[in-house]
Amino acid sequence: MDMNGQERIAAPIGAVWAALNDPQVLKNCIPGCEALEKQSDTEMTAKVVLRIGPIKASFEGQVTLANLNPPHSYSIQGEGKGGIAGFAKGGADVSLVEDGPAATVLSYTVKADVGGKIAQLGGRLIDSTARKLAGQFFANLGTCLNDQSVGA
Amino acid sequence: MNDMSLTREEREAKLEGMGCKRKRVEDIRFTQGKGNYVDDVKLPGMLHGDFVRSPHAHARVKSINSEKALKVPGVLAVITAETLKTVNLAWMPTLAGDVQMVLADGKVLFQNQEVAFVVATDRYAADDGVAAVEVEYEPLPVLVDPFKALDPDAPLLREDIKDKKDGAHGPRKHHNHIFEWTVGDRELTDAAFNKADVTIKEMISYHRTHPSPLETCQCVCSFDKVKSELTIWGTFQAPHVIRTVVSLIAKLPEQKIHVIAPDIGGGFGNKVGAYPGYICAAVASIVTGKPVKWVEDRIENLTATSFARDYHMTTEIAATKEGKVTGLRVHVLADHGAFDACADPSKWPAGFFNIVTGSYDFPVAYLAVDGIYTNKAPGGVAYRCSFRVTEAAYCIERAMDILAQKLDMDPAELRLKNFVKPEQFPYHSALGWEYDSGDYHTAMRKAMESVKYAELRQEQAAKREAFKRGETREIMGIGVSFFTEIVGAGPSKNCDILGIAMFDSCEIRLHPTGAGIARMGTKSQGQGHETTWAQIIATEIGIPADNIMVEEGNTDTAPYGLGTYGSRSTPVAGAAIAMAARKIKAKAQMIAAYKLEVHEDDLEWDIDGFRVKGLPEKFLGMKDISWIAYNSPPPGMEPGLEAVSYYDPPNMTYPFGAYICVMDIDVDTGVYKVRRFYALDDCGTRINPMIIEGQVHGGLTEAFAIAMGQEIHYDETGNVTTGSFMDFFVPTAVETPKWETDYTVTPSPHHPIGAKGVGESPNVGGVPCFSNAVNDAFSFLGSTHIQMPHDYWRNWKAARELGAVG
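Going down the list, the protein sequences come from chains A and B.
When you line the first sequence up against my numbering, it's residues 249 to 400, in that order.
When you line the second sequence up against my numbering, it's residues -18 to 787, in that order.
Read the hints as simulated data drawn from the structure, not as lab findings.
Bear in mind that the values here come from a model prediction, so they are computed numbers and not experimental data.
Each residue gets a CB set at the ideal place from its N, CA and C atoms; glycine is no exception.
Among the clues, some could well be false.
[Claimed, not checked] Think about it this way: if two alpha-carbon atoms lie no more than 30 Å apart in a straight line, the pair counts; the simulated DSS-like pairs of lysine-lysine are:
id: 1; chain 1: B; residue 1: Lys129; chain 2: B; residue 2: Lys305
id: 2; chain 1: A; residue 1: Lys380; chain 2: B; residue 2: Lys305
id: 3; chain 1: B; residue 1: Lys305; chain 2: A; residue 2: Lys359
[Unchecked claim] Below, a sample of chain B positions facing chain A; criterion: calculated Cβ distance under 8 Å:
id: 4; residue: His37
id: 5; residue: Val111
id: 6; residue: Asn700
id: 7; residue: Val701
id: 8; residue: Gly704
id: 9; residue: Ser705
id: 10; residue: Asp708
id: 11; residue: Pro712
id: 12; residue: Thr713
Please construct the entire structure, taking both the sequences and the accompanying hints into account.
Have a look at this one:
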């Protein structure tokens, strides 16, 4: 499954970059994320509850950041196991471009694979669910940064 | 004495013999919810098993940790390949000469492959246990596309046989190659192509699908440690074969194994094979000393036990410019999945696919089939067809239409021009079969007249013009198919399963009051054997069908037989019934001659007894003869009236039929409407016309499903994306078209009652008929072949690719 998109976030590039590297912000923004713990600068462990069609499963796994080019781009890779529900793995290339001093355009391309029961039962729902989740994540990120800027 | 006040017609009607639309006796219990299926078997202390299955299509199994599972309340055991190795059962032989993992041994080769078997006190606990087993996988490159299986750098799937140069059917060319099977004369065929006026070539795929009976595969195994006896209740289309296979695998004496197939809720080929669930339940019962039940759920059934088809057929026909076929050349790439577990007679790795010359007089033909491994479920069963016969019929019927299109001839006319003629039977086909009988021209013409074929073509021409003028967005297709099946496997000279010749059997025992019981080696899964078998006996020996009880499925009481699949029951067991009945009749005739004080030759059979020729009042009925047989037989004759017959058929039978479908497709939505479907079947002698009609309705509905959407689809990473009835098309009454049925009768010359088998014909003839209708609809827009299944989306896509959607 491949997805790509663009979001305009009303925050300076530095703030967006910082948020994308902050486990607490990521945890708040990833839909269904119950835990996200930093192991090192580039490694985290995560627990995400996903619901696709008739299947609801808790995925536990590793998240790794790579190709770091602050504050312009990075890749985020993840792999999670959901027991008998199956597994999910994937990654996103994220890049940031300044749109004036107070705004940033975030572009992403996502490649993800799912396997096991979620793929068998949720097949026709996976693409739309993934698009919805990606949309939610960036909407959350925008809200979060706006809150921060309001707070500052 | 019989009641002579009745007329001959009344006496005959009372028998409800062959030709009678007798109501199905088994339906009395089925329609009242009183059937007895495997899941109804509930034994004291019975345990339940369930599988841990692989989410990956190809992966190394690094570790299996059962610790947490064993702590789940109710879980008693977790069986893995390591456990099975202690009893030498981690792998099992397949019917096709390959071996198959019972539980993952080091790696998994398809999604949902069995990895561990959890045994618990109830099904819920077993499921919780399954969720708690921790398996660590290391994913490997996945091979899904059969056309990439033989690439030099294709992933190695079967490490267990990587150095094996020879398989069960000859040399292997590649690590993912199973066999190459060739039939026919290559040189003569090539020569025919070299001098042909016209040739066509098309890659015709018959996609992977699944028999999907409503009742899934299941069993209850109970091992008696004191007697060392194993009893298995299971959904078995071939109970005796299962007993023999279990005996060979488990090294138990055959008399210590009792296999019982109770009522079965549909089989369609899915219940022929032996599956890991059976082995695991049996081992679990031996280990725990308690009965163990295993019942597949729907996803497991669709994704793990026995798919069907997955044949990719590159087909070429050579012909004269007048439309006379001169040669046929077919290469098949046969996707067998991870293990070769096809349920074909052992010497036939591609089943009877060499019936691919169909109903046409091809002077020469050449066929090559390459079987290959991929990361998909094993199987390859004959889903409501004789072995690979539906693939063959689809191949030739589609190809004939493509040839007609190239020649600008009407497809029905092309068929009539090339049919084997009535005087050519018995007909020897270029690929080695001897067709027993047929009258194809009569059947085709009757079909064409019945649907007013010429008028339909005129209407289609007018609609096409209207479409071109932009007056309609609907296109009309007329599908024609004319199939010849090969069923009734089979003669021992060319058919066996693991060395067991494919005869079948019947044992009839008449009781003193003129009633009786008949036991068979076959096993009904809904075909109505309890009804039809009694009808054959009724006609043969004049005992009313209502007075004959038919029993099947218990290996302790039924005579040995090879079971029910491939439309073999009527051609083989049906013949055994007639032969056993005739043995009884012969003894009855001796008794009647003695009692009527005449020579046997002076007697003639008259509906339900013997009459002295020329003396109509001197008559002895079968009811009386039965009593005499036990209580006052002629001196020197042993008492009793029973007989057994084991029937080894001299040839297969060759049912045929002409089907026509009329369909309209909306190019903007891809939505199709089946306006009309007419099916003419010739199955030889018709035993019960009502059951035949029911069989044809069911078979056509399955054909409709397959052609128009039913598919086991894998994505590129090996996920099954059609693993439930949400995505796997099973038509309900809402989608199912109305069926019109018709018939001709060309009895089989070598079968005792002339019957040929019918249950699978509509699937064999129906699939090409639907597909030809879709292809015919699109042909004027420039397409030659659109692959099945023809669901709305694919129709819309085809319309768009052909420029019909703006």
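What hint numbers does the structure not satisfy?
Checked against the structure, the hints that fail are numbers 1, 2, 3, 11 and 12, while the rest are satisfied.
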